[in-house]
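Asks: Given next are the chains, with one letter for each unit.
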Amino acid sequence: MANKLPNRAAICETLLTHAKTDPDIFVLCSDSRGSASLTQFAEAFPEQFVEIGIAEQNLVSVAAGLASCGKKVFAASPACFLSTRSYEQAKIDVAYSNTNVTLIGISGGVSYGALGMSHHSAQDIAAMAALPNMRVYLPSDRHQTKKLIEALLLDEKPAYVRVGRNPVEDIYTEQDAPFELDKAVWLRGKDEKADIALIACGETVKPALVAAELLEAEGIRASVLDMYCVKPLDRAAVVEAATNARAVVTVEEHSPFGGLGAMVAQVVSERCPKMVKNLALPDAPVVTGTSAEVFAYYGLDALGIAKAAKEVLA
Amino acid sequence: MDAKELEVLSWKLRQDVLDIIVAGDGGHIGGDMSLMNALLVLYENHLRVSPETADDPDRDRFVLSKGHSMETYYAVLCEMGFLDLKDVKARFSKFGSPYIGHPNNKLPGIEMNSGSLGHGLPVCVGMALAGKRGGKKYRVYTVMGDGELAEGSVWEGAMAAAHFGLDNLCAVVDRNGLQISGPTEEVMAHEPLEARFRSFGWHVLEVDGNSIPALDAAFTAAKMLSGKPTVILAHTTKGYGSELMENRADWHHHLPTAEEYAQIKSDFAARKEAAAHGE
Chain S
1 MANKLPNRAA
11 ICETLLTHAK
21 TDPDIFVLCS
31 DSRGSASLTQ
41 FAEAFPEQFV
51 EIGIAEQNLV
61 SVAAGLASCG
71 KKVFAASPAC
81 FLSTRSYEQA
91 KIDVAYSNTN
101 VTLIGISGGV
111 SYGALGMSHH
121 SAQDIAAMAA
131 LPNMRVYLPS
141 DRHQTKKLIE
151 ALLLDEKPAY
161 VRVGRNPVED
171 IYTEQDAPFE
181 LDKAVWLRGK
191 DEKADIALIA
201 CGETVKPALV
211 AAELLEAEGI
221 RASVLDMYCV
231 KPLDRAAVVE
241 AATNARAVVT
251 VEEHSPFGGL
261 GAMVAQVVSE
271 RCPKMVKNLA
281 LPDAPVVTGT
291 SAEVFAYYGL
301 DALGIAKAAK
311 EVLA
Chain H
315 MDAKELEVLS
325 WKLRQDVLDI
335 IVAGDGGHIG
345 GDMSLMNALL
355 VLYENHLRVS
365 PETADDPDRD
375 RFVLSKGHSM
385 ETYYAVLCEM
395 GFLDLKDVKA
405 RFSKFGSPYI
415 GHPNNKLPGI
425 EMNSGSLGHG
435 LPVCVGMALA
445 GKRGGKKYRV
455 YTVMGDGELA
465 EGSVWEGAMA
475 AAHFGLDNLC
485 AVVDRNGLQI
495 SGPTEEVMAH
505 EPLEARFRSF
515 GWHVLEVDGN
525 SIPALDAAFT
535 AAKMLSGKPT
545 VILAHTTKGY
555 GSELMENRAD
565 WHHHLPTAEE
575 YAQIKSDFAA
585 RKEAAAHGE
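Quick mapping for you: the protein sequence lines, in order, are chains S and H.
Here the first sequence stands for residues 1 to 314, numbered as in my numbering.
Here the second sequence stands for residues 315 to 593, numbered as in my numbering.
To be clear, the hints were calculated from the coordinates, so they are not data collected in a lab.
One or more hints might be untrue.
[Claimed, not checked] Derived contacts from chain H toward chain S, CB cut-off under 8 Å, selection only:
1) Met426
2) Pro436
3) Gly440
[Unchecked claim] Taking lysine-lysine pairs in the PhoX-like style, the calculated list, with each CA pair at most 25 Å apart, reads:
4) S:Lys206 x S:Lys307
5) H:Lys446 x S:Lys157
6) S:Lys206 x S:Lys310
7) S:Lys157 x H:Lys420
8) H:Lys450 x H:Lys542
9) S:Lys274 x S:Lys183
10) S:Lys274 x S:Lys193
11) H:Lys450 x S:Lys20
12) S:Lys231 x S:Lys190
13) H:Lys408 x H:Lys326
14) H:Lys537 x H:Lys446
15) H:Lys400 x H:Lys579
16) S:Lys310 x S:Lys277
17) H:Lys420 x S:Lys231
18) S:Lys20 x H:Lys446
Just so it is clear, CB atoms sit at the ideal spot from N, CA and C, and this is done for glycine as well.
All chains should be built: construct the whole structure from the sequences, respecting the hints.
Replies: As structure tokens, then:
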């Protein structure tokens, strides 16, 4: 793999750059600055960094209090804890009070592969998306992550951003990372007829893109949408992708309930009914392994996605 | 405002609370009554905020952590000019109304939403930290219920407030000793409460929370204390103001009947009269 920079490090780089000229940027961690790649920020801007200790509920409430006093707050903690232990703080103090807090769920999904279900966050999309005012983003690579954080610095609304622990292969380049907030990115097949539309988010975008290439080699045309904005879902892009294809396959590192697949299926069934196959983690504790091993086991890798697409079209 | 004026005003506002509750067909009257004097003294004599300065970055902040005592908060916000009492009475709890049973920060004067317990103190830690780090002189206040202290998040916030040396933060505990199921010490004991807060690194002031002069003195004293946050343990009476409801857990959210309303109204009027004549 060429890229050695995980998305979490891209977040730190972006915040470091902007904090130089913006004293209102505040970063909070819950004894997680190392795993969030935010140590450099803590050292460079100690007055804009707050260490909360292992207390996720406090992390989120303190973040909301700072935000209510004009700060642009980024609170980073492992997604498994941030989206469950402090869920009510996200609901009341961030979403309901509508404070300018970006919750950053690090090491999301099955990033902590071998550490067990306590450390997996296969429910965070469903949980966070169910909160009014809360937006949910799963950027697919470091370049998109940078663009996303820059966009979130410009608005004052709540958001949840999930990133993985490990470096992921680049999809975009520094010069070519098309990005518009809350608009999905067409990676293949925009304005073209396709056999299958692949819609993915976060770390499953790259496997979906490779799957499209595998399918093309077999004469199957696949469009690919990077739906980093799971909420608000880019409904227009979903409708366009589904309309131009015979069927849709969604891919996500998440429970089969309440995530990207469920949301896409809602839109497609309402606006342009056709077959939607959801590829996701199982409704069960996940098998032990690295992200790549787990993805392959559950058919969320390129081969699994291509296989599912062919089955849907058969 | 001097103590006598505040005392007289408090009885007028208790009547407003009673009317709001009856108009809305429900409320948390017991805790409303134990909260009244602390909130009134705070807003009249200490909290530096007004409808004209509601957006001033240097204003003092207040978060009602025991959000269910909203009717008292309405009465005080109306008295301070943030809201219109007639409008609150007309629309409280009605369909589509912004006047709901817990703080709604879409209304003027209300900083944060609450309703779920254990949120106010941690949020105020963030507000106070923003003030400290930003070189601001504002102070931050919250009022918690005593039953609320069973929430672990209160103690996460208490730990952090001391860790960051937030002497611009003052918390009040409405220590009325009762929660919905009965006495707090039977439901889940908090004593020794003074020692608990002290061991968490706080200044602790214990006062008669029904006494306006005592509360006034405590808020003044808290401003002088440095290096640590301050908690005022306000020993209050749930349902304060009418024997009909005083110290009765079943009046936590009891809706007075017509007869009870008349009795309470008469009790408030008598206490107001006595206060006006310096008794």
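Asks: Each hint should be assessed against the structure and marked as holding or not.
Replies: Cross-check of the supplied hints:
no.	hint	in the structure
1	Met426	5 Å, holds
2	Pro436	3 Å, holds
3	Gly440	2 Å, holds
4	S:Lys206 x S:Lys307	16 Å, holds
5	H:Lys446 x S:Lys157	24 Å, holds
6	S:Lys206 x S:Lys310	18 Å, holds
7	S:Lys157 x H:Lys420	15 Å, holds
8	H:Lys450 x H:Lys542	17 Å, holds
9	S:Lys274 x S:Lys183	22 Å, holds
10	S:Lys274 x S:Lys193	15 Å, holds
11	H:Lys450 x S:Lys20	21 Å, holds
12	S:Lys231 x S:Lys190	21 Å, holds
13	H:Lys408 x H:Lys326	24 Å, holds
14	H:Lys537 x H:Lys446	15 Å, holds
15	H:Lys400 x H:Lys579	18 Å, holds
16	S:Lys310 x S:Lys277	11 Å, holds
17	H:Lys420 x S:Lys231	24 Å, holds
18	S:Lys20 x H:Lys446	20 Å, holds
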